[in-house]
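Protein sequences appear in the order of chains R and D. Numbered per numbering that gives the first Met the number 0, the first sequence spans residues 0 to 423. Numbered per numbering that gives the first Met the number 0, the second sequence spans residues 0 to 300.
In case anyone wonders, no lab produced these hints; they're calculated from the structure. Each hint can be trusted.
With a straight-line cut-off of 16 Å between C-alpha atoms, the simulated EDC-like cross-links for lysine to aspartate or glutamate are:
| # | chain 1 | residue 1 | chain 2 | residue 2 |
| --- | --- | --- | --- | --- |
| 1 | D | K252 | R | E394 |
| 2 | R | K222 | R | E418 |
| 3 | R | K121 | R | D371 |
| 4 | R | K38 | R | E64 |
| 5 | R | K379 | R | E219 |
| 6 | D | K252 | R | E395 |
| 7 | R | K121 | R | D328 |
| 8 | R | K416 | D | E73 |
| 9 | R | K155 | R | E167 |
Given the structure is predicted, the values throughout are model-derived calculations rather than measurements.
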Amino acid sequence: MRMLDWKRLAAAGLVTLGTMTALPALAQNKVLKFVSWQKDERGTGDWWGSVIKEFEATHPGVKIEWTKVERGAFADTMTTLFAGGQPPDIVHLASFEFQKFAANGWLEPLDPYIKSAKLDLKGWAGQDTCTWNKQNVCVMMLYFGYFMAYNEELLKKEGLEVPKNYAEFLTAARKLTKDINGDGIVDQFGTGHETRGGGGQYMSEMMNYTLDAGARWTDENGKVTINTPQMIEGLTRWKTIVKENLTPRDLAAGEVRQLFADGKIALKMDGPWLWPIIQKGKARDQIKLTTVPFNPPVGGSSNVLGIASEISPENKKLAWDFIAIATSDKFQSSYATLGASPPPDPRADTTGASKETPHFDLLVKATKAAADAKVDRIPKGLELQFNEFAKMVMEESQRMIIQDLDPKVVAATMQKKAETLQQQ
Amino acid sequence: MSRSAFLDLARPSRRHWLGYLLLLPAVLLIGLIIAYPLFVSVDLSFQNVGIPRLDQPRRPFTTMNYERLFTSPEFWNASWTTLKLVVIVSFFCFLLGLGTALLVNNRFKGQSLARLLVALPWAVPEVVAVVVFAWIFDSSFGLMNWVFIRLGLVDTTISWFSSPEAAFAVVCVTMVWKGYPFVSIMMLAGLQSIPEDFYNAARVDGANAWQRLINITLPSLMPVLGVTLILVMLWVFRDFSIIYVMTGGGPLKATQTLSIMTYEQAFGFFKMGYASAIGVVTLIVCVIASRLLMGRAPENI
Chain R
0 MRMLDWKRLA AAGLVTLGTM TALPALAQNK VLKFVSWQKD ERGTGDWWGS VIKEFEATHP
60 GVKIEWTKVE RGAFADTMTT LFAGGQPPDI VHLASFEFQK FAANGWLEPL DPYIKSAKLD
120 LKGWAGQDTC TWNKQNVCVM MLYFGYFMAY NEELLKKEGL EVPKNYAEFL TAARKLTKDI
180 NGDGIVDQFG TGHETRGGGG QYMSEMMNYT LDAGARWTDE NGKVTINTPQ MIEGLTRWKT
240 IVKENLTPRD LAAGEVRQLF ADGKIALKMD GPWLWPIIQK GKARDQIKLT TVPFNPPVGG
300 SSNVLGIASE ISPENKKLAW DFIAIATSDK FQSSYATLGA SPPPDPRADT TGASKETPHF
360 DLLVKATKAA ADAKVDRIPK GLELQFNEFA KMVMEESQRM IIQDLDPKVV AATMQKKAET
420 LQQQ
Chain D
0 MSRSAFLDLA RPSRRHWLGY LLLLPAVLLI GLIIAYPLFV SVDLSFQNVG IPRLDQPRRP
60 FTTMNYERLF TSPEFWNASW TTLKLVVIVS FFCFLLGLGT ALLVNNRFKG QSLARLLVAL
120 PWAVPEVVAV VVFAWIFDSS FGLMNWVFIR LGLVDTTISW FSSPEAAFAV VCVTMVWKGY
180 PFVSIMMLAG LQSIPEDFYN AARVDGANAW QRLINITLPS LMPVLGVTLI LVMLWVFRDF
240 SIIYVMTGGG PLKATQTLSI MTYEQAFGFF KMGYASAIGV VTLIVCVIAS RLLMGRAPEN
300 I
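So that you can see chain R by itself, here it is in the shape it has in the complex (with noise of 0.2 Å):
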């Protein structure tokens, strides 16, 4: 009896082993795939890269799979994966096109997640384009407001104050524009914008103008509001500064970004990402942040974060816990610092960051001014068809300067374009 005992005692011993051996050999194999576009940004792809690391050190045996896609490619790519049985684990989409996703059921409702782990998303920036059918499917991670950068040297030499509105802004850009060599090739701009590329962009730098004329594409109703003499005054701004090249023509955004950054444009309004850039460029030293001449600034929710609807129980909790990291408080406070950027997260510890950058209260302050306008880039009621409406958009104001149109005809012509593609 006694030598049966022992034998089982064997047995067991060596069955538990052999579990203990190979239940970290198969939790060794788990790996959650994430695919972003922000891997290689400098500063936001340090900050991912750092909740990687702890999500793989809180999560032994876990790997994620990082993997870049390019912004360019990146609709493509995740629309490819979804429709082939394939998504990511970990779904990183920017704001304005997670809206197709969702409505095809491939983002998992994350309210029990939420509730479960007690998260506070009470005055999270921007949280609130995240509902989807009343159900929270996306956590906002960034919300930002636009600053305005100017080149204190070129206003300098012409004489010229930090423009504070509109009048004083278009004063500026025109005296600012001019052929500085005298080959009859305009080599210094006023201003400057992304006036060739996708539509979303052209219509953000639209929306500098039209929201100063107090225009919205559509209320909160959802309801269409482009026929309206405040939408025909912004037209009319964005006409007279397209039209009198004040801006170089035919630019990508990052083209436009470099341009400034090289002391070739004096005033420029974006957002976040723009100061890095600066940072590398030549006139780095003559380059001052201000707040922008308009009110409100351009702003918006910029990307999102969820988990699909398709993968496994253990891996939608496992890509909930990175989900957890990325928004804790620890890791939004290291985000300000990283990523140099205003955090979502009202309980983030900010005081790093202001001491590492040194606009980053304007930044906070440009956020705030966005979100209590309630400003997004994402009209209501037109999120699902929020491309075509800005392509829309774009190649109606780009008639409009080309053919020489009046802003109230194109006003009318946006109108009715924006309610039909809303009845689709």
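Mind docking chain D on chain R? Use the hints.
Just chain D now, kept in the frame of chain R:
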């Protein structure tokens, strides 16, 4: 009949089976990577679907995508733009390609280098070529504006990508630059296969250079010309990267071809059913155009 005798592929009556058997892997592969996606596209074009999933039930059959397509001014505009592009780019590719081929077919010092230079644009990746041309035609800091102003051809800079006509011209120039070397290489191969005796006989008969070109060179090149024309036209018809990177189809859809429209509807607006319908129509047009040109080829030969 025994089982082994049935499978005996060496028997004369079974010998053709071996051929089919050897073809089978290639047929299966073609079926998997060409026929199946084609079938899926045609099937999707008859469904009202945004982002499709192959594991989900098929949506009801509908012809609404085609109805919408044929009543859409955007589709007819894209078709017209595609046609214009095909005609203009193919014509200039042939003109330049034939010209350069005739040039480098002559014996002269540096002939090898000249042939290399003629073929060089063909070796440059499309995206790289587009980046170079985008800089040359940049509205604010581009080389072309600088040259035009220096030569006194214009007083002020031209916004190449803000004008529908200028943007279309820039796309054509880039495509011709990228496409003519292929024609040149094909023509050169054709020229070298023309027996020298033909020219000698013509010279004896007193034919001048122009007459030799019209009566010997061009007729002899016809078989090569036919095939090259089809290949160039199909390339222009379905080319995506040059236009997408350079203008994205703008401004005001001036450079929006059927390929660009398909991509935009599929991955910009996530309307895969509608995009599939455009793709199917594009395919049909390509097949008909190729068939018409191929049909003429034997007569020319």
